[in-house]
Structures are given as C-alpha cells and as structure tokens.
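Top to bottom, those sequences are chains L, W and G.
Heads up: the first sequence begins at -2 in our numbering, then just goes up one per residue.
Heads up: the second sequence begins at -2 in our numbering, then just goes up one per residue.
Heads up: the third sequence begins at -2 in our numbering, then just goes up one per residue.
Don't read these hints as lab results, they were simulated from the structure.
Any given hint could turn out to be false.
Intra- or inter-copy, both count: the list cannot distinguish identical chains.
Claimed, not checked - SDA-like, lysine to any residue: derived pairs with alpha carbons at most 20 Å apart: (1) Lys443 to Glu124; (2) Lys80 to Asp275; (3) Lys443 to Asn98; (4) Lys83 to Val266; (5) Lys459 to Asn49; (6) Lys459 to Arg235; (7) Lys463 to Asp204; (8) Lys219 to Tyr271; (9) Lys229 to Leu212; (10) Lys229 to Thr213; (11) Lys83 to Glu158; (12) Lys459 to Pro57; (13) Lys156 to Tyr455; (14) Lys463 to Leu27; (15) Lys443 to Tyr100.
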Amino acid sequence: MTHLHPDRLFPAAEPAQSIARELYPEVADLPLICPHGHTDPAWFAKNERFSNPAALFLTPDHYVLRMLRSRGLSYDDLGVPRKDGKPVADGRTAWRLFAANYYLFAGTPSKTWIDHSLQWAFGIEEELSSETADSICERIDAALATPELLPRAILDRAKVEVIATTEFALDPLTHHQAMEADGYLGRVRTTYRPDDVCDPIRAGFHDRLHQFGELTGESIGKWDGMINAHRKRREIFRRFGAVATDHGVPTANTADLAPIEKQALLDRVLSGQYGPEDAELFRAQMMTEMAMLAVEDGMVMQLHAGARRNTDPSLLEERGTDLGGDIPSRVNYVDGLQALLSRCGNEPNFRLILFTLDETNYARELAPMAGFWPSLMVGPPWWFHDSPQGIRRYLDQMVESAGFYNLAGFNDDTRALLSIPARHDVWRREVCGFLGRWVGENRLSKSTAHEIARHLSYQAAKDAYKLN
Amino acid sequence: MTHLHPDRLFPAAEPAQSIARELYPEVADLPLICPHGHTDPAWFAKNERFSNPAALFLTPDHYVLRMLRSRGLSYDDLGVPRKDGKPVADGRTAWRLFAANYYLFAGTPSKTWIDHSLQWAFGIEEELSSETADSICERIDAALATPELLPRAILDRAKVEVIATTEFALDPLTHHQAMEADGYLGRVRTTYRPDDVCDPIRAGFHDRLHQFGELTGESIGKWDGMINAHRKRREIFRRFGAVATDHGVPTANTADLAPIEKQALLDRVLSGQYGPEDAELFRAQMMTEMAMLAVEDGMVMQLHAGARRNTDPSLLEERGTDLGGDIPSRVNYVDGLQALLSRCGNEPNFRLILFTLDETNYARELAPMAGFWPSLMVGPPWWFHDSPQGIRRYLDQMVESAGFYNLAGFNDDTRALLSIPARHDVWRREVCGFLGRWVGENRLSKSTAHEIARHLSYQAAKDAYKLN
Amino acid sequence: MTHLHPDRLFPAAEPAQSIARELYPEVADLPLICPHGHTDPAWFAKNERFSNPAALFLTPDHYVLRMLRSRGLSYDDLGVPRKDGKPVADGRTAWRLFAANYYLFAGTPSKTWIDHSLQWAFGIEEELSSETADSICERIDAALATPELLPRAILDRAKVEVIATTEFALDPLTHHQAMEADGYLGRVRTTYRPDDVCDPIRAGFHDRLHQFGELTGESIGKWDGMINAHRKRREIFRRFGAVATDHGVPTANTADLAPIEKQALLDRVLSGQYGPEDAELFRAQMMTEMAMLAVEDGMVMQLHAGARRNTDPSLLEERGTDLGGDIPSRVNYVDGLQALLSRCGNEPNFRLILFTLDETNYARELAPMAGFWPSLMVGPPWWFHDSPQGIRRYLDQMVESAGFYNLAGFNDDTRALLSIPARHDVWRREVCGFLGRWVGENRLSKSTAHEIARHLSYQAAKDAYKLN
C-alpha cells in the first residue's frame, strides 16, 4: 500500500533520499514529547475503552468533518449531534458514508494520519472505501475491546513520555486529581488556558469572572485582585503538572497600560459599558499580565493567535463550536507583541512560544524575532499547516533567520489520540527529508544533521517546555 | 528547440519525471473546457480571418505589451492605439520591435504561450528574434488566410468543447444571438458580468444604471426593482448559454444590510451624495444580492477580487484600459466574505468560485474556506499566477487543506485565442509534474494520480461550472 | 569540510547539478559590483589594518550578535559596548564565547559567510568551536598584520570593481575627499542617504535640518529652499562618486501634495505642532521630491521600506542602534507608490530600485510593477532574505512576471567587508542552481542560461546603477 510505504514523504531523488533514510531510523522510535494538545484527560484518568470507530475517527475530528461537509455531505448524516436533540445518523451509518467518501481525502494530512492510525493501532492496511467500510469497522470495534487499546496502553505503545492536556481557568481538574491520586500525574499534565476569563466577548464571560473570584477568594472587581486570582490558579495548575499556559487570541495585540488605566478598563468591562476596542484592549493587556506572571512563576507561555472562530453562525447555533468553521486570518506579530516584549522580552525566566496560522509571519516576523529575543521561541506549524507541505514551508522559511535552536520542536495539538504517533512520525520524516536535502546540497554536515534530527524530534520540545 | 521539448516543465529528476511522463499522455488530448475567459464573441459569430500577426500576438496582449514597456519601449512604437488618434507604428514595424526584444521574455509564461502557439498553429519552431522576425511574420500572415485558422477551425483543432465569453450587463449579446441563430450557441456561451452596473465609481455608472432600468422595464430607483433588473438580465444571459456570473471587485468585501438600509444606500448613490465608503458598501451589498440570485437561479458565481485597476493615470488617459497597468493587491477573504457566506454559504443550490491575485490567501484562507463551505470552490491561479511556478505554489498551498475535489479545475481567462491550448497544456503538464512528485514520495498511489490528473484536466471544470 | 564543498548550494540531483556546475565557473571569478552597502569609507581612505578578530567578525555583525543573544548570551559577555561606559568582555573572551556557541549558526547564512571568509581570507578550513577558538583567533590576528589583509588589498583580492558606501546628507565626506585626493575615488563611491533630514521623528531632526540649511546656504523654512538644499547636496555627493540615493523608510507611502500644502506641512513640522500622521506625510512627500530630483539629475533612487527599527527599547537605551533589534514588517507597495509613480513613473531619466523585507510583495506587487513601469527595477533579496532559501524564493516569485531583465542584479548591503565575496558567491551559486533547475526542466535553453548567469552576476548591477 502506497500510504504505508517505508520511504513515504522522503525526498524522491538521490542523494537526499538516502540521507533521509539514514537519519530516520535514529529518530523514528524516540519517545514522544507532547507538550501541547487537546486530548481528553478523562481518557487517561478512567482508562476506559473507546466506544466505537465513528466516535474515535469521525465525530470528534473537525478536519474530517469539514472536508466531508465541503463536498455536500450533511452533518446530520455524519452523526454530528445537534443542540436541539433531533436525531442524527448512528455511528455505523455515518462510518459508511465516511468510508464511501474517503477518496476526497487524497493528498490531505487527514488521510496520512488515518491511514497511519489504522495500521499502527489495528494492523489494517486496506484502503478505507465503501467496500472495506464494514470489515474495517468491525475490526476496529473488536480491537477497541482489548486491553491493548485502552488509553494508557496506547500511550505506552506510542512511547508517550509526557502529554499535556489543556484546561480552562475554571476547570475543576477532576481527572488530574484522580491521576494525582493514582500516581499517573506527571506523565499526563494540565495546561492553564485562561481564555474563558480573559476575553470579554465570549458568551458568559461576566458570570465566569465572578466564579473565578469566588473560586480564588479574590476580588475580581480590582485589577490586582483579578491578577491575583490568576496567580493562584496558575499555582493550582502547576500542582497538577502544568509547565505552560496557553492563550488563544484573535490577534497578537498586547498592551502595557498604567495601573489606573487598567482599573478603568476593568470597570468599563464589568459594567458592560464597552465596545470591541475595549474588548481587544482587555485581551491585549491580559497577554502582558500573563507574561508578567510567567516571569514570576516560570511557566512557559504559548500564544496561538489568528483563528477566526465560528465563521458559520448557523452551524454554531445548530451544533456548537469546533466543527470546522474556524478559519485562519492575518496576524501582525511585530506590532502586536511590541508592548509585551518591551516589558518582558529580556527577562531570563520568561519563555514565550509563538504559533501562527499566517505563514507570511514565518520569514518576515517570527524567525527574525525568535533570532533576537532571548525569551522567544517558535512553535511548530499549527493546525492546517501541520502537514508535509506545511512543515516544508515552515522549515524553509524559518531556519535561516531563527536557526534550529530557536524552534520549539514538535507538538501535535490534537484531540485525536490515535493521530499522535502519526503526526510525530510525519514531523520526523519531514525533518529527516529537509536535512537530507540540505546535506545533499552540502549545506550541513551529516553529523550536524544527525544532531539536529534528534534535537527536533525529541529534545527541543523538552527544553522549550522546561520538561527536563 | 528547448521550448518545444516533449518533457518541458516535467520534474527533471527521477522517479518524478517518469511518472509525469506516464500521466501526461492520458490527459494531453482531452477536450478543453474553457468556462471563463475574455475572447471576442465576434470571432466565433462571424468566423472571419484574423487580420495580421501583430493584431493577433502583440497589440491585444497586455502581458506582452507591459513587459516591453517596462524595458523602455514606447507604446507608440509598439502600435498601441492612442485616444487622440495620433499615428502609432504599423503592425509590421511593431512586430519587428517585438521580435528584436523577444529575449526579454526568457522565463516568462508569455514566452511559453507564444512559442507553443507558433508551433501549434503555424508549425513555426524557430525562436522569434530580429533575424526571424520577417519570415515568421510572413508565415503567420499566409496561414491566417487559410480556412484552418479561422476562429471556429481553431476551436475544433484545439478540441474546445465549450468556451465562455464574458459580457457586461448591458451588452446586447448580438454575437450570441447570431450564434443562437446558426446553432453554434452552447459551444460558445456568454457569462453575466454586471460590474458596469454594480460599481458606483466607474465612469458613466449612473447613465448605465438608468439604461439598465429601461432595458428591463424595472424601476432602478427602488432596490427591489434594481435587483429584479438583474434577475431578468440573468435570465436573458442564461438563454444565451450563460452558466455563470463573474464579478471583478477591488476587495472581497460583502455586506448584508436590512432592506431599509439598502434603499437608503441606493438613494445616496443615485443622488450622487456619497463617498468611497458608500461605494464600497454598495459593491459589497451587491455581491450578497448576486449570491442570493444565484441561490434562486443556480448560476455559478465567480469572484475575481484584488486587482488595482489603471494604476498609471497618464496611460489610462492616453490610451485607455487593459494595457498592463493593473496590479494585484492584498485581499482579505475571511472577513470580506463573512456576510455573504453567513447568508448563502450553506445553500445547496449555491456555488461560489474564488480567484485571487494574493497568493497568501491560498493556504491561509482559500483552502480552509473551500474545505469547509459546501458552496465554495477555488478557481485556478489567476493572471500573473497562471504560470508554471504559479501553479506549483497554488497546488503546494491548496491541496492539503482543500483536497483535490474543491478545486474548480482550470480556466484560461484569456483574450488571446491561440494561447488557449498553450495555457491548458501548461496546467496539465504542471498537474502531472505535481502528481509525479507526490507519487515519487509515496504520498499518492499511481492509480489515484491517474484519476486526479484526468479530473483536474477536464472533469473538474465541467463539474464546477455545472456544464454536465 | 562540508561548508567548503565545491558544489555547495547546487541542486543535489541531476541533471540540474551538472548544469549548475557548468554555468558556475563562467561567473565565479567575474569582478564584483557592489552598488549598495554599508562598509566604512575610513577603511578604504586610511587603508589601516583591522584591529582584531572579534572586531572584524563579531562586534559589528548584528546577524551574529542577535543569534547569540537569542539563545541567552549577554551583550556584555559578547563585548558589545555600553552607552554608560561600564566594562564589557574583552575581544578574546568574547571570541571564545562566540566560538563555543558557533553550532547555533547551523543552517544560517551567517555561518556560510563566516566559513567562506575564514577560508577565503585566512585559509582556515577548521570549523570554529571551543577547541579551535584560540588557534583560529591567533591565525586571524597574525594575518591581519600582513599587507594582504589591508582594506584595499582585500578589495583587490575580491576583484571589487566598484563599491558604494552610504552617507547621510550632512556627512562631511571626509574619507571620500581623501580618496579623491589620492585617486582612489571612483572605485569607492558614496551614496546619498538623506534619512537624517527627511524623517521628523528621528531624534535631533530639527537641529539637523537647520544645519542642512546652513551647510547649503538655503532657507529650509521654505519648502523650495529645503528641496534646493537637497539638490545641492546631491550634486556634492555626485562629485564624490555617488550614482545613487538611498531611502530607508518604515512604509512605502508616497504623496504628491500641492505647493501650498507642502509649505503648510513644513510649517507644522518646523513648529513642532504635528503628530505621527504629519510625520508620515512628510516622509511620503519627501519620497516624491527625491524622485523629482532624480528625474532632474539622473541619480538612481533606492527604496528600502519596511524595517521596524529598534523594537527593543531597553537595548536601544543601553547600547544604541543596529544591534539586531530591527524587525521586518508588512509593506504595501501598490498603494504606497501610487503618488510617486503617477508623477515620475514614466520619466525616461528616472530609475527606482525597490527592496522589501516582506516576501509577499515579490509575486503580488514587485514583479508585476517592475514588469510594467519603465522606471522600476527590483533589487535583490534584502537582509534576512539574502540567503540561499531567500534567493530561491525571490527568483521563484519574481522571474515569471518581471522577467530577468527587470532585476537589478546583486548587492551585498553589508557592513562586514569580508562577507562581500562570500555573499556574491552565494548569489552566483544560487543563480546557477536556479538556471540549472529550469534548463533541466527544458524551460530555458542552455545558451540563454549562460547569458542570464553572466548578466545577473555582473552586468545587471552595472546597468541598474548606471555604472557603465
């Protein structure tokens, strides 16, 4: 089967192919460092079996859903739950529809990940199609009942050394508490993502901010009290393994207001007397506050800027978020981060890892900035760009100005557990291919390439996230 | 001759070259689907001989004119007519000047198209130069007198299955009427391009809008009347073969105003009491209106956004439009289309094909959007980007997020009849080269590559434009 | 040693490699044309020995300093002088630190340039590292004492036919006067860069503008007087070999105000009653004024737009400018140059060479604009993009729309004398590699490739800067 060819993704021409083939075996089986992602901590806490193939591969994977939708398939027929509770297709029906349309994924990373997962987890090498839909479904279903496919067993088999989940500021961290109790914490960690209490335009913001105050015993009506609430929650999150915070923001804007201006801004926000500019200013100031807290407590700060969320209002109303309607937009990191970096950019204890969906940032902004500020590193290609061509464009445009050592290695950023080894494998293959091309052009020595392949496959992520 | 090498544009290295060479013969001779372009319908209606080589290759080709101009040659010497009627060089003199400077086109798609046209239509394999200028001119001139080079014969020889011209809303469609009468309509079709009555800042807009009302018997002073006028003209255009509308707009902005706001906007525009913001809002609202009409009548909507027109005011004044002074600009499709897509994006009968001159849109906006909205497809690389490297960047940045099946195949978008087979050939070669590289990297199976090569060379355009 | 491999940077695969290898020897030893750069004219006027290795390779090279800083090394430890005069590391200590961290430069152009310089100037082929730090330092130090490494000897050995330095409008041109006296002027030339008297927000602007008036005997309180002062200084600069002016501006904006508006603007600026919009307008109008003067006197105008200067305010305060804190930003050349080009774009005596740090400009704006306006050419990749991948992206995105003959060849734009041959060599290798790939794909004949390789390596820069 082509999609399982041992040389897949390697350069097709010599000498680059042979060099990639020489580099790859040394990194292929290194443990996986997964410092950023969206897997469900309940899986690891409870270690229960996955319910069925559609629930594993289809319904939670917005990459897959969106592509099927884009070719006219309805979310009802794909079994995506509705808010109004009206019935949607059952798992087996949805699976068949998915299988019949699997040809649409030719050339997409989704196909790469799914093909890899089917083989890696279930030993399935047939191509998914109408013909194979039922037999593959049944094989998966049977395998899910075995201990080898319980969540913790999957982490073992994938050699996941550490994996971070992501929780909002108000999250009770129930599952992490359970893992603390049974000694599994550490391998699984949380990440502090306070978007729920940092963005005034999110529905329910005011209520959550008040809960935030109650939860921490701080007066969130005072700017310092609100910041202190974050300080306390960050401490709690660290107790549950967090080494990092994460911030999903529409723009990269940051601000550095005087104390009196901050309080006035908070007053306006709490009173409801504010417009979009104040909301943006609030988010912008909060980024700098988070940076200042990171200087204090050493947590690594991650910035994921530029997703335009829920661009299909009818879908949002009908079924909710994270169903494929988020679209990238332009980001301006140079102007956006000016305030934050002027304040914290040279702090020895500070680390900020940047992610973008706007590839024009790579060579123009991120590489030059990471090649200057001691606190800055650049995260791997994010979302749509976590793909073979996306990784090539990233390395092409990043390495010359940022060097290899300002890159934060790889993170899989996924909700799909089985795609984790697949994604790391694509990254490692692409890194080996990239290095193979450069060694082939006599731009790097082979020994340097070996070092860098290992670094970018494993150590870079540990270093970047202070996991050593 | 290098430019006629049978393997031109294919990957130079193995195994990609052999795979491309295997794919290409299966698509090289497929009929041409030309759903969008700017050929003159009079050619096909009258089927008269082309006048002379300069009038065929030089004067109407703004790609060629602009390059010669950029190296200091004057439009007078190139025979480009002036508005003031002062004499310019005759065709033969201009042709010699063009030939003497043909070396300037090294590496440009213009050279690829012209070399291909000279060989394909005239059997000329010599390189155009001062030395060959006269003999090539005479051979072309002689051939143009033969029946083999009449416009309909060219369509036959090029295997053009269907070709769309583009007419403004007020166009009398005389030539299409003539073709209806003699049974040629259908192979040649019109396209509804109402820019002339949708953009308040175009000179003569008000007069045209009033003509539009008279022509349709609608009161264009009322918003609904104006929209009804479009409804009627669209129907007429469909009678003359139109399957699509086309919209050339400076930005991708769309709006979705309440009825009362629309009428107020129209009142301001008709009264002349409006500024650039209102003009932009009018264009933006008209895009959504056109989408709503497309939902009604099923015509495919094409959006060509981002050309900054006539950037050289002195040239515009001296000789008019379409002479090379149009330059691309940034486009924001995500925010721009929000209103239109929120309204019509999920309508089953709606199809919107997007084109851009801003390649940063490919991976960041167009591929993710086309990979989500059922109504959206992405058109092929447009204008400056309809070139070998342009096609490579397009496929590189589009396929992973949009898949192959959200692409609208190829369209040549040309005024130059003889460049049509040349342009389709470049597209087909590049598609085969692209697939050859991916098969070579074991990312696609060869059988999938065969399917996709055929699809993108022929069927995709038929499907996208509902020409089946 | 890999970094000195004779085929370095050439395509790794055949046939492109052989073609590149065939093209390169014909251009490798052509003289160097250096029409834009920042070397110190004192070197060439005084022809004194360089002091020590750190002063040659480390302290003045912001590319090197910034990368070391980005990985946590302090500028104190790297011997970068402080404004407060507090002690910093001595040259030898700094050199050792640099050597120990040289592995950070893997994959960067800095390493390419330094490795090449060490070999070319000093015959050193060992890799710089902790182990080799001292021995390499001593070999360099010893060599610097020899006549072969005096500045003028370096120009001879590098076959520098002509090199331009860059001086501000008020510069006394002392060193160029000395070179005029001893007959060296002409090989070394100045360039008129009036940023110091064109940008109101630069510290000390008002004082300098008054000095400018005194120096030229013009009344700078009147717009025409101020312009006349430029006219006179341009004449003086031409006497000292200047063929070009250079303009470093944050944006590409230009304006074309009426005389009365210009005077009002100057009045506001001189009175100090103005905001950022007026400062931008002043810079914008000055660009058009410089273009009009260029029409008059034939000096080539260079525009370097888009650097965001001194983004680290604490570094600026502590140690000053040009230490790595300048970051690229987006540029809009289409709208920005509209006023200037409408006024001067078709003037036969006018030439404007554009440079950008925003690679999205290449295919979208610069190539189309250069392929239209007779006055426009595009400069080579600038700054962060003067690198192997940067050059590839540039040629990939520029050639098809601009052709080869609207490119201004190469310029090294460096402060680092020894990097000059290294930088030209990278350009020439990349040009040969690019042409090798295209010949390999049968897109160019080999004879055309030979012509273009020579043109882009040597003649293009002479032509573009009117140095013939």
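Subject >> Violations among the numbered hints >> reply: 2, 4, 5, 7, 11, 12
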